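**Q** Build the full structure now, drawing on both the sequences and the hints.
Protein chains in written order, with the numbering used here: chain A, -17 to 276; chain B, 244 to 622; chain C, 14 to 375.
Here's a subset of chain C near chain B, in silico, CB distances under 10 Å, partners left out: (1) Pro128; (2) Gly182; (3) Ala194; (4) Ala200; (5) Phe201; (6) Ser207; (7) Val210.
Keep in mind that the hints were calculated from the coordinates and are not lab data.
Predicted model only: the values in this text are computed from it and were never measured.
Virtual Cβ for every residue (Gly too), placed ideally from N, Cα, C.
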Amino acid sequence: MTGTTDETTRTATAPSPGGAAPAPGTAGDPLVGAAPPALAARGVTLSYERAVVLEGLDLEVARGTVTTLIGANGSGKSTILKAFGRLLTPTAGHVEIDGAPVRSLSGKAVARRLAILPQKPLTPSATTVRDLVSRGRHPHQSLLTPWTAADASAVDEALAATGLVELAARDVGTLSGGQLQRAWLALVLAQQAETILLDEPTTFLDLSHQLDILRLVRSINRSRGATVVMVLHDLTLAARYSDRLVVIGRGRVLGDGAPWDVLTPEVLRDAFDLDALVIPDPTSGAPLVVPRDA
Amino acid sequence: MSASTTRPQPQPPQPPAPAPGRKEARVAAPTPPADRRGPGRTRRTRLVVATGASAVVVVLVSLVGVAAGSSSLGLGDVVRTLVGLGTPAQELIVVDLRLPRVAGALVVGACLGLAGALTQTFARNPLATPDILGVTSGAGLGAVSAIVLAGGSYAVTGGLLSVGVPVAAVVGALVTSVVVYGLSWRGGVDSYRLILVGIGATATLTGLTTYMIARAQITEAAAATQWLVGSLSGISWASVWPALVVLAVIGPLAATQSSALEVSQLGDDLSTGLGVAVQRHRIVVLACAVLLTAAAVSASGPLEFVAFVAPQLARRLTGTGRPPLLASAVTGAFIVVAADLVTRAVLPSEVPVGILTAIIGAPYLIWLLIRGRREDRSA
Amino acid sequence: MLTQDPAPPTSRGDHPRARSARAPRTVRATRTLHAPAPAALAVLLALVLAVAAASLVLGSNLLPPQTVAAALLDPARDVGSVVWGSRVPRTVLGLFVGACLGLAGAVMQGQTRNPLADPGLFGVSAGASLAVVVGVYVLGTSSVLTTLWLALVGALVASVLVFTVAALGRGLASPVPLAIAGSAVSAFLVAITSYLVLSDETTLAAYRIWVVGSLSGRTLDGFGAALVPALLGVALAALNARSLDTLALGAELARGLGEHLLRTRLIGLGAITLLTASAVALSGPIGFVGLTAPHLARALVGGNHRRLLPASALVGAVVLLACDVVGRLIGGTAEVSVGVVLTVVGGVVFVLIVRRGKTAAL
Chain A
-17 MTGTTDETTR TATAPSPGGA APAPGTAGDP LVGAAPPALA ARGVTLSYER AVVLEGLDLE
43 VARGTVTTLI GANGSGKSTI LKAFGRLLTP TAGHVEIDGA PVRSLSGKAV ARRLAILPQK
103 PLTPSATTVR DLVSRGRHPH QSLLTPWTAA DASAVDEALA ATGLVELAAR DVGTLSGGQL
163 QRAWLALVLA QQAETILLDE PTTFLDLSHQ LDILRLVRSI NRSRGATVVM VLHDLTLAAR
223 YSDRLVVIGR GRVLGDGAPW DVLTPEVLRD AFDLDALVIP DPTSGAPLVV PRDA
Chain B
244 MSASTTRPQP QPPQPPAPAP GRKEARVAAP TPPADRRGPG RTRRTRLVVA TGASAVVVVL
304 VSLVGVAAGS SSLGLGDVVR TLVGLGTPAQ ELIVVDLRLP RVAGALVVGA CLGLAGALTQ
364 TFARNPLATP DILGVTSGAG LGAVSAIVLA GGSYAVTGGL LSVGVPVAAV VGALVTSVVV
424 YGLSWRGGVD SYRLILVGIG ATATLTGLTT YMIARAQITE AAAATQWLVG SLSGISWASV
484 WPALVVLAVI GPLAATQSSA LEVSQLGDDL STGLGVAVQR HRIVVLACAV LLTAAAVSAS
544 GPLEFVAFVA PQLARRLTGT GRPPLLASAV TGAFIVVAAD LVTRAVLPSE VPVGILTAII
604 GAPYLIWLLI RGRREDRSA
Chain C
14 MLTQDPAPPT SRGDHPRARS ARAPRTVRAT RTLHAPAPAA LAVLLALVLA VAAASLVLGS
74 NLLPPQTVAA ALLDPARDVG SVVWGSRVPR TVLGLFVGAC LGLAGAVMQG QTRNPLADPG
134 LFGVSAGASL AVVVGVYVLG TSSVLTTLWL ALVGALVASV LVFTVAALGR GLASPVPLAI
194 AGSAVSAFLV AITSYLVLSD ETTLAAYRIW VVGSLSGRTL DGFGAALVPA LLGVALAALN
254 ARSLDTLALG AELARGLGEH LLRTRLIGLG AITLLTASAV ALSGPIGFVG LTAPHLARAL
314 VGGNHRRLLP ASALVGAVVL LACDVVGRLI GGTAEVSVGV VLTVVGGVVF VLIVRRGKTA
374 AL
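**A** Structure follows, in structure tokens:
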């Protein structure tokens, strides 16, 4: 485990891929600060049917960071993620990718830069793991170039990164929950997008599989510099594996910043109606939320 | 990479046995026992070989179909006539009488097989047929209206020679599809809602059609019922050409949607995430299915069962997860051509092909159901 | 005719429709309250009585209500023959057939977890039609009683065939093979029926009238014969009610709660078959009641099957008889049979329901 300060005090201006100090005048240089954020929501209002879920949301996600949206059930975290992933059109405001409004780009162009793994994808039948992961290459394919060597190697890399090489020929219907979730993740990795959105990627997984997924996410962020935005329920895991937490509740952002800054007993009470104390995790130094039983 | 887990892995299923008992199976590549553990290429090989073998079989059956009949010709004569070396008498039989019928069977079968595959894939449901979009019932109402309202000018067997009925059928089909689509639009079309509206529309139109038949003169009722059953008797080149043109244009268009269809199986959200323009893709797929069905129905009347059973048969033959487009078209063509051959050459009196496709197709599907103990979940 | 695997139960409440105390202001609470069950059922009963009264009064001759009431009490009076001879049987039959189909539809949708399931899916209508057609073709008979018996037998045989096919295949646990088997068997039977019908004009003439589905000219002859299987079906349906609620949670959870799946299926399928066969035998195949009545009933009393089943039966009775009355009125001298009115009107109403978004997911 790396030192606590690295984990917990990284701010939005920190990393560029490869870990070298940002060159002046390029993305990440705090003096310039002109590089567009990977994702931005500008004055976004989101509603389902006629119920307004969020209003006037302004949120920027810097390139190369791992951001996790947390909040109580029904607070709108998945809704924000869907808006970022252009699965939901805001009723007001707009979403930008790399500074360009999402609506101005074609579906495939967006898909080459942004990958999203929604909550309940449908598992097709009579499909091998490799077939499933190959579908992640769809944004890079066209009628004239259905399958190239680059596609094949992207699939191979994704399978290797998720540890599914031995299972590549298995039918997806025979996989366990953890293996299937890794297969979905491999599909998203095969897309080779710079920004990855994950909607509750760890729900229904046992703890060791949850850790696998989150460690994988972090390693993708470190090695490729991918920008990751996730929705997680587990506050402690969220704190441990993210650079930044955004707390959603009551139709707006209730907290935004590094884990130690955000996970305070006040915020927990406000957003989750939770009476808890926050102590440093003995192994990682990240904040550990300990609910107080009444 | 992952921490070791004590959770027991589920047993992989037994590999599927090849479907016996049909000509395709005899020629299809035997599935290696480790199919599910081998590379994905084996699956693709099976798809290609099964489709190719089916196509060969279809051609053979078609040639036999042209050869057979009240004055039977040898296969050699048929081939020679097709090339242009036959006698005028042979040419009359082959080109003017038999070929339009066999060609019509091929085209209608291919259109319906493909339309069925598109609909079942779009609906993610093995029971879906283009019928659920209201196409067939619209065509039926159009045709029956034409027959009944025109009053008695259509003989029972000659009804298809006239231009009015097919045109009315096509108009009915297209108008119904547009209305169904429009009614299910609410900021976009949800496939579930579209299917529900289609079912409602089908019920209404079928009710009206049944009413018209019940009130008509008995001869018109017979003609209408005959048309509704689906028949190739009296089909001419005039009916076949339009359907052939539609197939030639729409077929490749449908093929371009194939990879998007593959991705759309993963759900709308993930499809959008992978860059598929879901609404537009959906419209194109549905429009293809509607046009193909309308074309087929105008030539032969509704042969609904073909659109249902051909994709299911093709799927089982090729071992793919969703009905393969080309193989479904080939299977559909086979079913109709074979049924037509049986009715012309084997049965003592001609039976409308719509009846035969169900009588042959249904037991085959039932048999597949009984055999399919470890079928995958989407059946 | 479409089935899909039930959605897995989700504990995640991120959707704004989740009932959450944490964000009451921005989330619109789901309207989970329906009219209290006794009130809704009382309303339905009142509707039944109203429709029955209308059916007695309205028709090709409009009979003043007092005359009808008098004739009911004293059959020997002048219009007594009309009232007792045709209106009463028709009313009774209409309510009976509608109730059977509504109840069968509710059980069917509960068993298959599919809001599109129609009792005709099990080949019942196709079997009944074929038996009737064979009767006319082979025996040359089309008397009411013979038709009734033939239809009953044909319906039952066809559904047994469908269940056998499904059971031999993947078994009855999953509804999808059952639906496919039903489609295949129905198509087969319909094809044979078409062949016979097209071969002989007399058969066609008899068939095209029967297949429309009608209550006209029916008397209560043979009603007793149809009543017996129907009552048996009602008993089975009542037995099935609690299991249907458990099935709504998905097959695995149901099994975990101690549900004996095979037995539940058999009871349910038996109920559906008996009820539908009785209805079809009396009136010919009438579609759409079995499909729409449960939806309407669910909107009124909710999804608990102990309330839903009787409500669906009542809704079916009201709808069918009301359509029959409408058919009598709009046809002028030649009335429009209830089967036509039902499918035409039912289709339109169904589309409207769908457009309002009120088809409740199961």
